[in-house]
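Asker: Sequence:
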Amino acid sequence: MSEQDKTALVLFSGGQDSTTCLAWALDRFARVETIGFAYGQRHAVELDCRGRLTDGIARVRPDWADKLGDSHTLDIPTLASISETALTRDVAIEMGADGLPNTFVPGRNLVFLTFAAALAYRRGIRHIVGGMCETDYSGYPDCRDETIKALQGALSLGMARSFELHTPLMWLSKAATWQLAHDLGGAGLVDLIRDQSHTCYLGERGARHEWGYGCGQCPACELRAKGWREYIAGGAPF
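Per the numbering used here, residue 1 is the first one in the sequence shown, and the count goes up by one each step.
No lab work stands behind these hints, which were simulated from the structure alone.
Worth double-checking, as some hints may not be accurate.
[What the hints assert, rightly or not] When the alpha-carbon atoms are kept at most 20 Å apart in a straight line, the in silico EDC-like pairs for lysine to aspartate or glutamate are as follows:
hint	residue 1	residue 2
1	K149	E134
2	K6	D63
3	K6	D27
4	K226	E204
[To be verified] Label pairs and their in silico Cβ distance ranges:
hint	residue 1	residue 2	range
5	G99	A187	35 to 41 Å
6	A187	E164	30 to 36 Å
7	A97	D5	42 to 48 Å
8	P106	G153	18 to 24 Å
9	A30	M159	20 to 26 Å
These numbers come from a predicted model, not from an experiment.
All C-beta atoms, glycine included, are put in the ideal place defined by N, C-alpha and C.
Make the full structure from the sequences, and use the hints.
Answerer: Spelled out as structure tokens, the structure:
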């Protein structure tokens, strides 16, 4: 196996999905680096969760500790300055006339993956892992499988590097994502993700629910809570 195939770069926001993807990558690659983005999001608290999550993962699976590589954070405030969305403005979350929630930040995942690929190019990495999903999701077009496949082709052509974009959650429900976390790291990883990851679009960390912290009412909290209930109802192996 080439050095390029031994290492992965994970888009790691500090949320449930990206933490599960980080565990997935650690289970498959010899070295895993992470990248997060500060783009003026209302829930920037998610970025603060990353250190606790990586520390916790190293405790839950000591065999993964030595695999954890460099952590990168890129500031791209321009994304917020050109976006009129509920993720980058203090406005109510609601559905738009186009059928998409106003939490959709146009081009966000396209920008994230392009920057990730540019960093991966410099660091000799060709495997990039993201938590995009079109099963239990808010309908964002840049989370769809056809979008990711098209971008993989464009990035590989544009940088003359054979990138592979992995989306291990693409066809999983939120309940199945909780189950994947258990399969990878047992109850310890599930507990870590529940208590230390952040999903809430409003950035609230005050109220502790059975599925973790958040406002409990935004679309992200609702999806996470629904998935947790289905995971427990399905006989979660605690």
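Asker: Against this structure, judge whether each hint is valid.
Answerer: Here is how each hint holds up against the structure:
no. : hint                       : verdict
1   : K149 with E134             : holds, 13 Å
2   : K6 with D63                : holds, 16 Å
3   : K6 with D27                : holds, 12 Å
4   : K226 with E204             : holds, 18 Å
5   : G99 with A187: 35 to 41 Å  : holds, 39 Å
6   : A187 with E164: 30 to 36 Å : holds, 31 Å
7   : A97 with D5: 42 to 48 Å    : holds, 45 Å
8   : P106 with G153: 18 to 24 Å : holds, 21 Å
9   : A30 with M159: 20 to 26 Å  : holds, 23 Å
Checked against the numbered hints above, the structure violates none of them.
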